[in-house]
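Using the hints, position chain B against chain A.
Line by line, the protein sequences are chains A and B. Per numbering that gives the first Met the number 0, the very first residue in the first sequence carries number 0; after that it's consecutive. Per numbering that gives the first Met the number 0, the very first residue in the second sequence carries number 0; after that it's consecutive.
These are computed hints drawn from the structure, not numbers from a lab. Not one of these hints is a red herring.
Below are the SDA-like pairs computed for lysine to any residue, each with C-alpha atoms no more than 20 Å apart in a straight line:
{"#": "1", "chain 1": "B", "residue 1": "Lys223", "chain 2": "A", "residue 2": "Ala279"}
{"#": "2", "chain 1": "A", "residue 1": "Lys124", "chain 2": "A", "residue 2": "Arg134"}
{"#": "3", "chain 1": "B", "residue 1": "Lys124", "chain 2": "B", "residue 2": "Asn93"}
{"#": "4", "chain 1": "A", "residue 1": "Lys223", "chain 2": "B", "residue 2": "Gly305"}
{"#": "5", "chain 1": "A", "residue 1": "Lys223", "chain 2": "B", "residue 2": "Ala310"}
Derived CB-CB ranges, DEER-like:
{"#": "6", "chain 1": "B", "residue 1": "Gly20", "chain 2": "A", "residue 2": "Thr16", "range": "22 to 30 Å"}
{"#": "7", "chain 1": "B", "residue 1": "Glu289", "chain 2": "A", "residue 2": "Asp205", "range": "19 to 27 Å"}
{"#": "8", "chain 1": "A", "residue 1": "Arg138", "chain 2": "B", "residue 2": "Asp205", "range": "55 to 63 Å"}
Just so you know, even glycine gets a beta-carbon here, dropped at the ideal spot from N, CA and C.
Below, each chain spelled out in residue letters.
There are 2 protein chains.
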Amino acid sequence: METMRWEGREFLILDQTGLPGRAEYIRCRDYPEVAEAIRRLSVRGAPAIGAAAAFGLVLGAMNLKVDDPLEFLARVEEIADRLSTTRPTAVNLNWALERMLARLRSSMPGKPGELVAAMAGEAEKIYREDLEGNRKMGRFGQELIPAGARILTHCNAGALATAGYGTALGVIRAAHEAGKKVCVYAGETRPLLQGARLTAWEMVRDGIPVTLITDGMAGYLMAKGMVDLVVVGADRIASNGDVANKIGTYGLAVLAREHGLPFYVAAPFSTVDMSLESGAGIPIEERNAEEVTHLAGVRVAPEGVGVWNPAFDVTPARLVSAIITDRGVVRPPYEKTLRELGIGE
Amino acid sequence: METMRWEGREFLILDQTGLPGRAEYIRCRDYPEVAEAIRRLSVRGAPAIGAAAAFGLVLGAMNLKVDDPLEFLARVEEIADRLSTTRPTAVNLNWALERMLARLRSSMPGKPGELVAAMAGEAEKIYREDLEGNRKMGRFGQELIPAGARILTHCNAGALATAGYGTALGVIRAAHEAGKKVCVYAGETRPLLQGARLTAWEMVRDGIPVTLITDGMAGYLMAKGMVDLVVVGADRIASNGDVANKIGTYGLAVLAREHGLPFYVAAPFSTVDMSLESGAGIPIEERNAEEVTHLAGVRVAPEGVGVWNPAFDVTPARLVSAIITDRGVVRPPYEKTLRELGIGE
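The shape of chain A in the complex, shown without the other chains (with noise of 0.2 Å):
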């Protein structure tokens, strides 16, 4: 199942938000559609909305009409400015849009109809680099995974995260393909569920063994010697090697190095952030209440309880064991491994 297909003139985005029950795709005509699927996290996972942002600009500048080059870089420059601002913690979707910006005034000057076809041109360029970078980064981080583990994720990071085959759960896949019989324990992550809807589907799907548990659960699994290491996505990853992901992996994070268990973080180098030292610069997003103290629609939590609900935290860089990115493996100190895989940008 594709988590997003471009069909030319029309991009058709997976919603995922009825996953397992109901597999319905968004049909988007213009930006403003993949801006709200993006928002309502019809789509999500950090490598996935920079390719959906990208497919969008390119509807967005497909719509314009107008002729003049350089009125057409401004307005598609103005709706890469709407599409960035749908979500603020993965950088992966800024990384999009300013690469698809970079590729049209490359472009420049062109007829219109060009300069959409040069944007089309990288966007399919950037979803298939996506999909062959997993492959590489599963290939990497299989080398990692001892035959037999059981391995830990949390959230989604998966074939729905991102162009296909995913990140954290593409290197579980590679370990898989490569015969060594591993199992899997998915956090639930509430509030959303991306654990038991999405990735628990995607190992279901794929037929390795998966066991589902709530987030409170992780502590005792380890304490009991029932996993062996923990993989997990990231939505941004500072210079210095601190990770943004889904909220509750921090925590994970602390209770791998309290029980000596290696954590890794699977991520494209797209999602580095070289321009931050450090996790402390990254923005959280902060949802609505409501995902918190409803469940399916029906309040379970009292009117008047306040609500915190970070959609990430940060895990700082010294209890994350490797980075597995698609140009290879890192380990620390992330400040010298991570800029060396940078270099030739």
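Just chain B, lined up with the frame of chain A:
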């Protein structure tokens, strides 16, 4: 609102599964109704199920049609056995039933009517002592709470988990009543959301500021410096100070130590099981998969996923800063300090 009420020939249990939306009492006329209410968590929390089982035993004894005192005793013992197997982890259940049987045996021989009256008196004493004990615990415990403290708690160790006032929430209430202007972060406590449904409700009703978080947010909350201490209840405490409590407690204790925050456990001395050397001997209840795979009756996880659903975990004594009991506050080494509290039993 009372957690339970004895009405002489009937025993009313507040059905907590419907809270906070629906507050209805279950009217019990014989012990199997009480056993069922405990099993389905209509009444839950270690001290509350102890008291409820005691009243259940009175109902069972009341309905016996036997005149011979020895046969009466044997039949009551059978009923106690059935009540004691409803849930395995909380030691207060067995503690209360043993106390009821001891009272019955010490009243022998006697007419069934007299024996039932003695038992009813003992059950009311257990209930009253729990309430008084919680007030004492509150007074002892609140001395540990600084003015303005931001307190994280987990699950519901409140009035609803006890005869009234609560253990962990009793400490918070006492601090509030002492004018300390505390505020509370309530972990929602998946899978059954006792934090979101019950703790948030108790705090809102008492006018104590309360903010709800999902269980995975606790680590980031601490990392952001938003919490000063943790206080939780307990279902069983081993003689070395290891604490069984609601699943997720262990993870909070590890995180509290990582951030240099005090981690307090509040429980009546009846929760201490001096027969156990360590927490390794505490039986941990595992509950059914549907609690995790379904939300409000709707399946959220795919078919084919496995589930691990332990209801409790064990926090090693080394992570517990102090245990607040109705006999006073004890600190490590718990082997010694808990034994001293028990002298004179």
